[in-house]
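Novice: Please work from the sequences and hints to get the whole structure.
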Amino acid sequence: MSEVETLIANRKYEAGFSTDIDTEVMPKGLGEDVVRLISAKKGEPEWLTEWRLAAYRHWLTMTAPHWAKLEIAPIDFQDISYYAAPKKKFKSLDEVDPKLLETYDKLGVPLHERARLAGVAVDAVFDSVSLGTTFKDELAKAGVIFCSLSEAVREHPELVRRYLGSVVPTGDNYFAALNSAVFSDGSFVFVPKGVRCPMELSTYFRINARDTGQFERTLIVCEEGASVSYLEGCTAPMRDENQLHAAVVELVALDDASIKYSTVQNWYPGDENGIGGIYNFVTKRGDCRGARSRISWTQVETGSAITWKYPSCILRGDGSSGEFYSVALTHHRQQADTGTKMIHLGRDTRSKIISKGISAGRGQNTYRGLVKVAKDAHAARNFTQCDSLLIGKRCGAHTFPCIEVKNASAVVEHEATTSKISDDQLFYCRARGIRPEDAVSMIVDGFCKQVFRELPMEFAVEAKKLLEVSLEGAIG
Amino acid sequence: MSNLQQTLVAAAPEALGDLSLPGARDERWRYSSLRALNQRSFSAAPTQPGALSPELEAKIAAFPSRLVFVDGHYDEARSAVPGGLAMTTQIAPANAPAHLPFARAASALPTLVIGVQQTQSEPLHIVSVLTAAAADTIVQQALWIELAAGTTLSVQHRRIVEADSNVVTNAWRDLALADGARLDWLEVGEDGERASVVLGTRARVGAGATFQFAEVAAGAALYRHDLDVTLVGEQAVFGVRGCTMVSRRRHADIHIDARHRAKHTRADIVWRGLADQRGHGIFAGQLIVEAGADGADAALSNKNLLLSPHAEIDTRPVLEIHADEVKAAHGATVGRLDERSLFYLRSRGIPEAEARRILQLAFAREPLLQITDPQLREAALAALARCLPEDAA
Chain A
1 MSEVETLIAN RKYEAGFSTD IDTEVMPKGL GEDVVRLISA KKGEPEWLTE WRLAAYRHWL
61 TMTAPHWAKL EIAPIDFQDI SYYAAPKKKF KSLDEVDPKL LETYDKLGVP LHERARLAGV
121 AVDAVFDSVS LGTTFKDELA KAGVIFCSLS EAVREHPELV RRYLGSVVPT GDNYFAALNS
181 AVFSDGSFVF VPKGVRCPME LSTYFRINAR DTGQFERTLI VCEEGASVSY LEGCTAPMRD
241 ENQLHAAVVE LVALDDASIK YSTVQNWYPG DENGIGGIYN FVTKRGDCRG ARSRISWTQV
301 ETGSAITWKY PSCILRGDGS SGEFYSVALT HHRQQADTGT KMIHLGRDTR SKIISKGISA
361 GRGQNTYRGL VKVAKDAHAA RNFTQCDSLL IGKRCGAHTF PCIEVKNASA VVEHEATTSK
421 ISDDQLFYCR ARGIRPEDAV SMIVDGFCKQ VFRELPMEFA VEAKKLLEVS LEGAIG
Chain B
1001 MSNLQQTLVA AAPEALGDLS LPGARDERWR YSSLRALNQR SFSAAPTQPG ALSPELEAKI
1061 AAFPSRLVFV DGHYDEARSA VPGGLAMTTQ IAPANAPAHL PFARAASALP TLVIGVQQTQ
1121 SEPLHIVSVL TAAAADTIVQ QALWIELAAG TTLSVQHRRI VEADSNVVTN AWRDLALADG
1181 ARLDWLEVGE DGERASVVLG TRARVGAGAT FQFAEVAAGA ALYRHDLDVT LVGEQAVFGV
1241 RGCTMVSRRR HADIHIDARH RAKHTRADIV WRGLADQRGH GIFAGQLIVE AGADGADAAL
1301 SNKNLLLSPH AEIDTRPVLE IHADEVKAAH GATVGRLDER SLFYLRSRGI PEAEARRILQ
1361 LAFAREPLLQ ITDPQLREAA LAALARCLPE DAA
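Chains as they are written, first to last, in our numbering: chain A, 1 to 476; chain B, 1001 to 1393.
Treat the hints with care, as some may be off.
Unchecked claim - Listed next, the in silico DSSO-like pairs over lysine-lysine satisfying Cα-Cα at most 27 Å (straight line):
no., chain 1, residue 1, chain 2, residue 2
1, A, K352, A, K393
2, A, K136, A, K260
3, A, K88, A, K41
4, B, K1327, A, K393
5, A, K69, A, K341
6, A, K106, A, K464
7, A, K69, B, K1327
8, A, K87, A, K99
9, A, K99, A, K141
10, A, K87, A, K141
11, A, K352, B, K1263
12, A, K352, A, K341
13, A, K136, A, K28
14, B, K1263, A, K393
15, A, K87, A, K41
16, A, K106, A, K465
17, A, K449, B, K1327
18, A, K69, B, K1059
Hints were generated in silico from the structure; no laboratory data involved.
Specialist: Next comes the structure, spelled out in structure tokens:
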């Protein structure tokens, strides 16, 4: 074993505790009755129940996709409980069980007054329900709606109805169809015309209950000239079973709007033998509907046994632009098949893709992407860079980019490299008195720099810390 | 079952088992549709080499050392086989990989086996002639070339057609390079616009052996070449220098898989693509470094020019790395002719059409100029000049 490999061995997952709280869990199984029950529990209007049922019926006709470079143990959809929520009812965050608040405190997510210091509004989603959203009133003053999706269905049904499923249709793919049928909660953001959202918005997802899946749905709409920066974080307890997390995220940007969506994903990755961990199968898509709109995805993926997602941009508006910055780390037996799609439809559209994959242990890391320039997308421009860093002999790094160009005025560039942290590099650093762990951190940090600088500051610090923790023991 | 499939299965002397042709959802065939071929019905292929026009005879005779195939049949009389080659014909069960169904069908046919026992100083021309009689048929051909340890061979494979017809060519070439052998191969064709061509080439490259492949793909109604190369011995080397130049309604789909199986192997692929008018160029290049193939050095570059509003370029450079002491990189671009270069040439009095032609030629020549074998290089450049349309503007 090389020095680099021995340094990454005993990984610690700090968010691996579970909260002992009375939870109402729906019996396992999936059927129309379950879909209706979830809808009823949330007091949804008839149209939404029907929308869910249509998605469910469509899902029944679909087969699970196999094209990804992933080894997935068969998922028994009847062996999952599709709804779990703390039993005690509460009306606002002040009434929430202190145990739950403690949980978020432990995870470093501020849900009370102290939160003011952090200047981030948080929607906390615990299993299938949202516990509450901070700074709602302050945001409302600016005209920004930030609440759980269930609340939005009650308070702003016309907005939800107009945009829900307009970017990711119910039958888009297998897991999006499943999500459309059984989604339980998630966040809703609406920024009206001309408003710059006064603070960062954030959702923190926590899976706690056993044998459940989490199926949240996030919808963000920015009207003309509006802008928002949204962050999501997630963790789950350490368990020997695989839990399914199949989310859908839809972004809509109208003329001159700008949405920045950042993810720091830290679901439980399973142990070093690949036992347990979250299956993170997510559909994320942004629609640059308006002219000069802009959507930027930034993701740091360190957790999950399997990550399978492609945050994409549909560049429909003339002059719109899409960005994708990603760091994906796989260690032990983690697998990640992630990347993006940039669909250039409008004139003068631009996209940029920076993807950094780090594989350690027996981790498998795949970048899969599509850059498509349609016939009428005059003067489209794309730049893609995919770099892989290998730490150890048993890991894998793969790149599957696809470029389709139908307009002669397009300029599309793709480049990819694969390299490793060599013993020479380590030796160089050590000769200058830097400890091997720090040397690796430095090298990895340098490798990911282009992505980290896209993250809001607090998240960049967290992401950096996560990579350090995740790589702990990978080298030595 | 389409008539295409039936005809392929019926031609094989032994049962092919389940020969399923790629469907519309097959990722490897995403940009090349078999729909037109599936809707056709085919006549039986000619069983004997037919008569050729005097011009064709003269063209063939101009190649000093040559193996001639007419409508898929080896034509001993027209061939001029140099010394040091052992020729036999054998029938063996289909041995082409399962992901190449066309190649599987061809590999089940009587195969001409060429054993290279001595280094060949002159290039060997393999001339595949399609006569007018081949219209409406599927012409199949299978070839197995085995290079003994330390031998060298240079091959020019040329496809010559008597007249443009809707013939389908399905050719399979299995190449085995023993330790220290070297094979240089140039693939050029004069396929018509109505023709369909499916080529499958597999090469296994032994320790210290070198396989240098070059191709000028001018496309056809459907043109598909799968090149599947495995570097099985330590320090094996594989190089590709090629270009696609498709215009009118031509299509060319190049798939290259380079698999590093042994330590310290090297693969280096440079491909350029140009698509004009309604041409459709596709390039998929996959570099695979298997576990244990430490010290592999893999590089791929694919640059493309889109010259018309109706042309299309699709490219897929893929890296699959399962080892760590590896150097692997790929790059792909799609763009248009550089307006500044064009302006520069025009400002020096070169008419626009000519200036475009010069720039296109310069772009496409780049990889071909790097062909090490001088005779193959000349032949490749000549083939490129032939397929660059006169009305390049």
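Novice: Run every hint past the structure and note whether it holds.
Specialist: Hint-by-hint comparison with the structure:
1. At most 27 Å may separate the alpha-carbon atoms for a hinted pair to count; K352/A and K393/A exceed this at roughly 31 Å.
2. For a cut-off of 27 Å, the pair hint linking K136/A to K260/A stands: about 20 Å separates their Cα positions.
3. Annotation: proposed proximity of K88/A to K41/A holds, straight-line Cα distance about 14 Å (limit 27 Å).
4. Distance restraint check for K1327/B and K393/A: the Cα-Cα separation of roughly 14 Å lies within the 27 Å cut-off, and the hinted pair is therefore satisfied.
5. The straight-line distance between the Cα atoms of K69/A and K341/A is roughly 17 Å, inside the 27 Å bound, and the hint therefore holds.
6. Distance check on the hinted pair: K106/A and K464/A sit about 19 Å apart at the alpha-carbon level, within 27 Å; holds.
7. Our distance criterion of 27 Å between C-alpha atoms is met by K69/A and K1327/B, whose separation comes to about 22 Å.
8. Using a Cα cut-off of 27 Å, the hinted pair K87/A and K99/A holds, with the two alpha carbons roughly 13 Å apart.
9. Of the supplied pair hints, the one linking K99/A and K141/A is violated, its CA atoms being roughly 31 Å apart against a limit of 27 Å.
10. A threshold of 27 Å between alpha carbons decides the hint, and for K87/A with K141/A the separation of about 32 Å lies outside it, so the pair is violated.
11. In summary, the hint linking K352/A to K1263/B is not supported, as the alpha carbons are separated by about 36 Å, beyond the 27 Å threshold.
12. Using a Cα cut-off of 27 Å, the hinted pair K352/A and K341/A holds, with the two alpha carbons roughly 11 Å apart.
13. Of the pairs offered as hints, the one joining K136/A and K28/A is violated, with about 34 Å between alpha carbons and a cut-off of 27 Å exceeded.
14. For the hint linking K1263/B to K393/A, the alpha-carbon distance of about 13 Å falls within 27 Å, and the restraint holds.
15. Proposed proximity of K87/A and K41/A is supported: the alpha carbons are some 13 Å apart, at most 27 Å.
16. Taking the CA atoms of K106/A and K465/A, the gap is near 16 Å; set against the 27 Å cutoff, the hint holds.
17. Note on K449/A and K1327/B: the hinted pairing holds, with a Cα-Cα distance of about 22 Å set against a maximum of 27 Å.
18. Between the alpha carbons of K69/A and K1059/B the distance comes to roughly 50 Å, so the proposed pair goes past 27 Å and is violated.
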